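Enquirer: Chains as they are written, first to last, in my numbering: chain A, 1 to 281; chain B, 282 to 562; chain C, 563 to 843; chain D, 844 to 1124; chain E, 1125 to 1405; chain F, 1406 to 1686.
Keep in mind that the hints are not guaranteed to be accurate.
[Said to hold, decoys possible] Simulated DEER-style distance windows between Cβ atoms: (1) B:349 - F:1413: 53 to 59 Å; (2) C:570 - E:1193: 22 to 28 Å; (3) E:1206 - F:1413: 43 to 49 Å.
These are calculated hints, taken from the structure and not from any lab test.
All of these numbers come straight from a predicted model, not from anything done at the bench.
Where is the CB? At the ideal position from N, CA and C, for every residue including glycine.
There are 6 protein chains.
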Amino acid sequence: MVCGMSEQALDSILLQAIAEDSPYGDRTVEALALGGTVSGVFLAKEEFVLCGLQAAFRVFELIDPSSAFVPFFEDGKTLKAGERIGRVAGDLGAILKSERPALNLLQRLSGIATTARRATEEIEGTTARILDTRKTTPGLRLLEKYAVRTGGALNHRMGLSDGILIKDNHIAAVGSLTEAVSRAKANAGHLWRVEVEVGSLEEFREALAAGADLVLLDNMSNEDMARASLERPNGVLLEASGGMKPGSLRAVAQTGVDFISVGALTHSARAVDISFEIESH
Amino acid sequence: MVCGMSEQALDSILLQAIAEDSPYGDRTVEALALGGTVSGVFLAKEEFVLCGLQAAFRVFELIDPSSAFVPFFEDGKTLKAGERIGRVAGDLGAILKSERPALNLLQRLSGIATTARRATEEIEGTTARILDTRKTTPGLRLLEKYAVRTGGALNHRMGLSDGILIKDNHIAAVGSLTEAVSRAKANAGHLWRVEVEVGSLEEFREALAAGADLVLLDNMSNEDMARASLERPNGVLLEASGGMKPGSLRAVAQTGVDFISVGALTHSARAVDISFEIESH
Amino acid sequence: MVCGMSEQALDSILLQAIAEDSPYGDRTVEALALGGTVSGVFLAKEEFVLCGLQAAFRVFELIDPSSAFVPFFEDGKTLKAGERIGRVAGDLGAILKSERPALNLLQRLSGIATTARRATEEIEGTTARILDTRKTTPGLRLLEKYAVRTGGALNHRMGLSDGILIKDNHIAAVGSLTEAVSRAKANAGHLWRVEVEVGSLEEFREALAAGADLVLLDNMSNEDMARASLERPNGVLLEASGGMKPGSLRAVAQTGVDFISVGALTHSARAVDISFEIESH
Amino acid sequence: MVCGMSEQALDSILLQAIAEDSPYGDRTVEALALGGTVSGVFLAKEEFVLCGLQAAFRVFELIDPSSAFVPFFEDGKTLKAGERIGRVAGDLGAILKSERPALNLLQRLSGIATTARRATEEIEGTTARILDTRKTTPGLRLLEKYAVRTGGALNHRMGLSDGILIKDNHIAAVGSLTEAVSRAKANAGHLWRVEVEVGSLEEFREALAAGADLVLLDNMSNEDMARASLERPNGVLLEASGGMKPGSLRAVAQTGVDFISVGALTHSARAVDISFEIESH
Amino acid sequence: MVCGMSEQALDSILLQAIAEDSPYGDRTVEALALGGTVSGVFLAKEEFVLCGLQAAFRVFELIDPSSAFVPFFEDGKTLKAGERIGRVAGDLGAILKSERPALNLLQRLSGIATTARRATEEIEGTTARILDTRKTTPGLRLLEKYAVRTGGALNHRMGLSDGILIKDNHIAAVGSLTEAVSRAKANAGHLWRVEVEVGSLEEFREALAAGADLVLLDNMSNEDMARASLERPNGVLLEASGGMKPGSLRAVAQTGVDFISVGALTHSARAVDISFEIESH
Amino acid sequence: MVCGMSEQALDSILLQAIAEDSPYGDRTVEALALGGTVSGVFLAKEEFVLCGLQAAFRVFELIDPSSAFVPFFEDGKTLKAGERIGRVAGDLGAILKSERPALNLLQRLSGIATTARRATEEIEGTTARILDTRKTTPGLRLLEKYAVRTGGALNHRMGLSDGILIKDNHIAAVGSLTEAVSRAKANAGHLWRVEVEVGSLEEFREALAAGADLVLLDNMSNEDMARASLERPNGVLLEASGGMKPGSLRAVAQTGVDFISVGALTHSARAVDISFEIESH
């Protein structure tokens, strides 16, 4: 496993990224007839949480199996602007071909880890935990969920196969929340809890009565969420969801919910600024 | 071609996105034994430039070939909050499985198109054009470059195979800018121009003397770029690059450069807010 | 979804089966220069539970997209010897090429469904349910789990990603059952219950004290399992496992356990006898 | 070649088996935060013919390339209950992830080899040989044919591309057995013999007259097969087929046929009982 | 089956050819913003045997599924310069993208069919037949073997899996021709004849004595081959091989051999001249 | 990069070539039960330019990773008949399986390199250069373009994505050459020159007036091409194309054109004669 994925699945993503960048080789390097062995370093240009370094190194290795790598930090470490992150040595042409796909991945995953870390820090001291969502980049879900964990937040289900979460559309199709929860509990399989989405205290109470194991409070006010926290019986967990944005998370956490799910962790994380510098020729 | 890709290459991306979301099917829908045919609409929740609608529809079609689609707008249209974007009709289980992967793609591509449109509008009336970069999401380059075009900006080269751009590392490896440009012009092939990166007016003048067809002005002040614009001979094109951020683009454009390349178009575009609503059961 | 799989994933299995059977075409049909359109039927040669008919039809369709199909029964139906199952019409060469891969799949899946149905019937009237295991044919897990459901039994987890089940090797690695359960409950994620394997009543009681949600009773006597059923608190579920063979399942079910997991459903199911007969030329 | 397949083709099967078992990693091992290096052994729980050990080892190697293996026996060896088969050492998490896919393959292939060995032993001393059929598990044909050879039986053709065998449906399509054999001999290509299926002594004599090189006696009585053996000229080979079951093979062999083809070798072989035990932590 | 291949295998070759030609689309058509529907025809520019038209059409269909096709001739037809071969109608951009990959295939396969036809005509009236070899283009073997058949010659084995042919290196490894033939006959399987290569009359006689079913006469003089033809017993077939070139084939055929294998059919066939003309806009 | 391709892309081609030659292993080697380690050499049987040796070696390595290789020459070297090219050592069965696919590739690529070398020599002393075309074997474009470079000629664009070349069909669709060139120059992107095809001096002059950067002179007489060379302004390049055949290239080069594109380099190159000889057993 590398960055939360099997080697084979990760390689498949990286080879695709390499192929789309240089299907015919590097026209510039070939025109210049460059060669020789060099080393280079990844350099932090701002403060962020490092994530994806092994995957970035793997890009170089796929292009030039004789490349050598030295990581200076592990994923999860908070770096400051100016810190060197790791070194690569190998053939100049291979390194120039690897640099951009490697950076594209490293900057994105570190951006997500950094966003997750900040969300986690914002609610520090409360009993709530930050969750991610299924709002990930097509094809990169496992890597982005790994970045969320690297930043200290938790993963919600990996996808539709990975847990029961009854939403408004399901309830509408079944006819009632009570019937939906009851049907899910009968069929869920013995290893899964049943979570149901509600949009009001009234629905929340119906969910409790129906025997839901977890309740997702969707777009509810902090006041209503605080009341739901008070009313819930032991063992029932609460997830706040809907428009959860950094900056407003602490107030939500203080309502007493157990989880806050934040789509922006993955769908809108900014790439952090990292450069790759050739050190020597 | 759909969204700038062959059907086969697009399907490969979409099938990967579907597989990572539901490798074993949808546990909730199966537990609830949902079925029947429904229709749903994509709904704009804020103002943005639409991009990727055909790819989003294709997700539904891959999961349920009997799905039907009606687009209400074409890619490139600016939508307002509250506008319906298009309708899908099909099997409920298939629609619930398709919704999230489709939205993940549509929100991201529309986010990039919107960012590109805003950058383009910022420099309206000048002679400069906005370019993208190679700072794209691994695996999604063709789609993201399509989104850039949809927003009205231009694509820089698609990758390393697709044009000659001599950067600082190449120059260091060759020994001098003059030698690098001269070697590139000799070997580039007859169909390609030669672009070279410079970091100062001094290097800029060396590039001109060496016969560069295009010069990338990297992290230079607006004053220096304005001077370069004045000094350049007919037929030599200038590209401003390095930390080009929305908000400061107009001042750059007014220096007289021909192109401004903006990495943030793709590496940090925010997903726009779109929902998918089931209309009927 | 066809037989519990996405069309694309199923096709991948079927195309592999076709390719291994006729990488160069059908040497006999080519030597005989056969052609023309025919129809044929699948025929039950013994009593069994039908499973996999749509996948079998799909083999014909992949080889000859203009083939036509009529199913006479749906998966799950118990057929008697001599009953016709469904008809295919198409090009003779294509039908002769499709017949064997289609039968190989249909006979295996029907064999599993039949075994599952018999196990389910054996415990009819008790409160126990039959579960499958991960002892499936490499590459065919989703199809075989579908066959288990078709026969009326339940699926245990689809694989290691799909639920928490602490076994003896995990406990040995952690150091104690109590610590293992406690660690799993802390980290499992909010949607999953925690199941733990025990081999004795003593361990069973430790599992209860540690807060396990489910307990797998491995190779325990019926007496001990009956006692465990009496001792368990409300809400804790029991799974009997280890050498569970058809013929002895009813006695196990009568101990009061909730689930009996039976590896033989998938790892040793006999293919049922089905033939394919050309009706007309 | 490993177990009758190229490394690449085998890996493709094994990676599929791994992916279907743990698309998201091992939720239990991750919840328990297990690590460290261990060793384990495969252990025979009954008497059987070993088959597939190198493929089983390859599962571990694909998941953890730094795993180490020691086989204690070679494929084809008859093991007794209690014998250790081979040892694996590596990362605990990787070993727990590899164990089940490796066992699933090893138990199935050893089951087939054991069945083939028993069939072979049943006819020992006669001049007949046991053949397999095309009734194999979809996707596993090369491995299962290898297991048949490992058990001492012979492979019939690998598939439709691999030899000429005229069956009843071909004859019906051509119009007569004589015409079918004659057409096949004209077109078969110079390297292939022509085999034809007959269902009676009358058809058998027609096959001889038509010049068939081999005759498949389908569902004929032992008396008729004995007569056919007497009547056939030098150089014509006979294959008994149709409902050939272990226990009745010796009587068939004594009719004087050259080959007995047994579908049950592959389509209904029981998985043998093998366990994997962690030895040390 | 299309051109001797399954649809899926052919598509895989064609999609690769398309992808290598236009990984990013057609820069010229996009720069010119061309659109609209047109039709075009394939036109013979010299006399040749047509081969591969359905595969050529399939290129257009893969790029634009709404394309329409009309073949004017079937594969195997001898065309004269100036004849129209078939028409395609569809989107202009798709047609311009399809034209070159389609022509590349059509010209090559027709070149092989033409070469095979001429070799066949050269030996007309003799009892010999022309065979191809394994000297085919990597990846295109099935198509090229189909082209050989289209031209009226026969296929030798499809590859190493497809027949027994003992060559000098095998004999050297075994120790003697007699031992090699005897071992092959014992192990070959019941459906295969045994062919052995000899380089002299002495070896030829050894092969006969050893019981070879076919003998490949490698680089032997026409006199020696004529003598071998006289000496061989009934039922033993002879293949002339080694430097067999168009122009000298008739003399070889007149020695009485049954087959002449000609590597140049596939390894050095000239592409025939075909153009694709847009008829209308 | 090996022979102008990424390792992964090359392996994909080679594995396909291996699979089509031996999907079920080597029936002859298996029947003979051959084993042991041997070495063999590639041997030049005529004079040619070597190309593809590393790819040929890679075939052996894919089949037997423990194979060892020693190249005696590098690609681009002109070899004489009788020279040994390189040695391979490894398992006999693996070597016999690798030999033919390796030779098929090596003979074809060397044939192309040799053809390119001869074309280049034919115009030695002129200022013209030889270009290849898109008339390559489906699936082998990158390798064949590499062979062209190895022979000393230049590559034209790699495909439709790789440069702007306006041909007659484009002009017809746009309406006029002038409009087509003007539209292309507006949209081409900043890194690409614009080439346009003309068929007469009149069109040539229109192309110059329209501002074309390069002009392809299609099927024009040497006289007209000489006149075009005189008339063209500085900086405009000329490419002669259409029926350019070895033997007539020097006269074309003497017209003063810059490039001569020769489809026959790739579409009709003869495979050179190379054998593989086992040295020792």
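Enquirer: For every hint, state whether the structure bears it out.
Expert: Each hint, compared with the structure:
{"no.": "1", "hint": "B:349 - F:1413: 53 to 59 Å", "in the structure": "violated (39 Å)"}
{"no.": "2", "hint": "C:570 - E:1193: 22 to 28 Å", "in the structure": "holds (27 Å)"}
{"no.": "3", "hint": "E:1206 - F:1413: 43 to 49 Å", "in the structure": "holds (45 Å)"}
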